[in-house]
Amino acid sequence: VTRFRFAVSVMPKEGILDPQGRAVEQSLPHLRVDNVRDVRVGRRVELMVEADHRESARQLVERLAGELFANPLIETWAVEELPLAEPAAAAAGAGVRR
Amino acid sequence: VKVGVVVFPGSNCDRDALHAARLAGAEAVLLWHETPDLAGSELVVLPGGFAYGDYLRAGVLARFSPIMRAVGDHAERGGLVLGICNGFQVLAEAGLVPGALLRNRSLRFEHGWVRLSVERRDTRFTWKVPQGTTLRMPVAHGEGCYFLPEPELDDLERRGQVLFRYAPPEGNPNGSVRDIAGVLDASGRVCGLMPHPERASEPILGSDDGMLLLRSLVEGAAETPPQRRSAIVEAAR
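Protein chains in written order, with my numbering: chain A, 1 to 98; chain Y, 1 to 237.
Hints are computed from structural coordinates only; laboratory data are not their basis. Be aware that one or more of the hints could be misleading.
[As the list claims (entries may be wrong)] 20 Å max Cα-Cα, derived SDA-like pairs, lysine to any residue:
{"hint": "1", "chain 1": "A", "residue 1": "Lys-13", "chain 2": "Y", "residue 2": "Leu-56"}
{"hint": "2", "chain 1": "A", "residue 1": "Lys-13", "chain 2": "Y", "residue 2": "Arg-105"}
{"hint": "3", "chain 1": "A", "residue 1": "Lys-13", "chain 2": "Y", "residue 2": "Arg-158"}
{"hint": "4", "chain 1": "Y", "residue 1": "Lys-128", "chain 2": "Y", "residue 2": "Glu-219"}
{"hint": "5", "chain 1": "A", "residue 1": "Lys-13", "chain 2": "Y", "residue 2": "Pro-151"}
{"hint": "6", "chain 1": "A", "residue 1": "Lys-13", "chain 2": "A", "residue 2": "Thr-76"}
{"hint": "7", "chain 1": "A", "residue 1": "Lys-13", "chain 2": "Y", "residue 2": "Glu-150"}
{"hint": "8", "chain 1": "A", "residue 1": "Lys-13", "chain 2": "Y", "residue 2": "Val-177"}
{"hint": "9", "chain 1": "Y", "residue 1": "Lys-2", "chain 2": "Y", "residue 2": "Asp-73"}
{"hint": "10", "chain 1": "A", "residue 1": "Lys-13", "chain 2": "Y", "residue 2": "Glu-143"}
{"hint": "11", "chain 1": "A", "residue 1": "Lys-13", "chain 2": "Y", "residue 2": "Lys-128"}
{"hint": "12", "chain 1": "A", "residue 1": "Lys-13", "chain 2": "Y", "residue 2": "Pro-149"}
{"hint": "13", "chain 1": "A", "residue 1": "Lys-13", "chain 2": "Y", "residue 2": "Gly-175"}
{"hint": "14", "chain 1": "Y", "residue 1": "Lys-2", "chain 2": "Y", "residue 2": "Gly-40"}
{"hint": "15", "chain 1": "A", "residue 1": "Lys-13", "chain 2": "Y", "residue 2": "Leu-107"}
{"hint": "16", "chain 1": "A", "residue 1": "Lys-13", "chain 2": "Y", "residue 2": "Phe-147"}
{"hint": "17", "chain 1": "Y", "residue 1": "Lys-2", "chain 2": "Y", "residue 2": "Val-177"}
{"hint": "18", "chain 1": "Y", "residue 1": "Lys-2", "chain 2": "Y", "residue 2": "Leu-30"}
Because the structure is a prediction, the values reported are computed rather than measured.
Next up, chain A with everything else stripped away, as it sits in the complex (with noise of 0.2 Å):
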């Protein structure tokens, strides 16, 4: 069994509205920040999954994407692989997955 690590990241759809990155936006000016458009808020889920393959592992976190951390209707993802950050595996440096 190996360790892979992923985050998902979860952002609105195209054209549904997002209070909370428009929210942000018009913060903007009490930064003196005039020149910032099109401010959208998503979502980020890390996570380390113990698999026999890397596909299985990325399998998994894709239907977990899409069952739980995303609601497709309204919400897009992307997954990417993580190093793993474990200090140990770091150290032996050629023991880190990618």
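Dock chain Y against chain A, hints included.
Below, chain Y without anything else, positioned relative to chain A:
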């Protein structure tokens, strides 16, 4: 009629719903979400509150509670389900009613009295509402902005699945599409709505209009013989 009110961790309108169901004349019990058993309930109520703290998205974690499998089976068999506020969010996340509930357009937690137009009176939820009556009930939610993409919205309207809309003078508190406050599933036996009928169940609360819905459910199930019940289901399609 036996009414089961589901209790999720974070539900906070479960006792109110239980009380209102009893006022309407039902035998009512609380159902703990970890037990996938409806204890013979003919009507299942998913109450308001903040199940699982509304983490991730309102309603989504509750959707995977063990009892929701039983609720899904109950709906599949034509059983009655009423989701109120957070309960509506759970139903939508579970796909038991169409659509999704987004953050209020105002970004505020909206609470106060609203008025509802009743789009259909030939349903198990509304048959006791007198013609031309609007219902006065409270809302209290942060994510009540009903959303469905346009083409599906037209289908929803065509199939008569829009049951309640926000009406003047208070109007729409959350920016929902086409002022939708409550919808039915395709069978007409599952209803989700954002306003709280159980909080409008006695005059001392400011309104007892919510009892028209609860009595429609409770008395309908008691008085309607099986063959007539199926006729109402047909009418609701």
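Each hint, compared with the structure:
With a C-alpha separation of about 16 Å, the suggested pair Lys-13 of chain A and Leu-56 of chain Y falls inside the 20 Å cut-off, and the hint holds. At most 20 Å may separate the alpha-carbon atoms for a hinted pair to count; Lys-13 of chain A and Arg-105 of chain Y meet this at roughly 16 Å. A C-alpha spacing of about 25 Å is found between Lys-13 of chain A and Arg-158 of chain Y, which places the hinted pair above 20 Å, so the restraint is violated. Note on Lys-128 of chain Y and Glu-219 of chain Y: the hinted pairing holds, with a Cα-Cα distance of about 9 Å set against a maximum of 20 Å.
Annotation: proposed proximity of Lys-13 of chain A to Pro-151 of chain Y holds, straight-line Cα distance about 16 Å (limit 20 Å). For the hint linking Lys-13 of chain A to Thr-76 of chain A, the alpha-carbon distance of about 6 Å falls within 20 Å, and the restraint holds. Pair hint Lys-13 of chain A plus Glu-150 of chain Y holds up; C-alpha atoms about 14 Å apart against a cutoff of 20 Å. Between Lys-13 of chain A and Val-177 of chain Y the CA atoms are separated by roughly 16 Å; this keeps the pair inside 20 Å, and the hint holds.
Note on Lys-2 of chain Y and Asp-73 of chain Y: the hinted pairing holds, with a Cα-Cα distance of about 17 Å set against a maximum of 20 Å. Distance restraint check for Lys-13 of chain A and Glu-143 of chain Y: the Cα-Cα separation of roughly 17 Å lies within the 20 Å cut-off, and the hinted pair is therefore satisfied. Distance restraint check for Lys-13 of chain A and Lys-128 of chain Y: the Cα-Cα separation of roughly 40 Å exceeds the 20 Å cut-off, and the hinted pair is therefore not satisfied. With a C-alpha separation of about 11 Å, the suggested pairing of Lys-13 of chain A with Pro-149 of chain Y holds against the 20 Å cut-off.
At most 20 Å may separate the alpha-carbon atoms for a hinted pair to count; Lys-13 of chain A and Gly-175 of chain Y meet this at roughly 17 Å. Restraint check for Lys-2 of chain Y and Gly-40 of chain Y: the C-alpha separation of about 7 Å stays at or below 20 Å, so the hint holds. Restraint check for Lys-13 of chain A and Leu-107 of chain Y: the C-alpha separation of about 18 Å stays at or below 20 Å, so the hint holds. Annotation: proposed proximity of Lys-13 of chain A to Phe-147 of chain Y holds, straight-line Cα distance about 12 Å (limit 20 Å).
Distance check on the hinted pair: Lys-2 of chain Y and Val-177 of chain Y sit about 34 Å apart at the alpha-carbon level, beyond 20 Å; violated. Taking the CA atoms of Lys-2 of chain Y and Leu-30 of chain Y, the gap is near 11 Å; set against the 20 Å cutoff, the hint holds.
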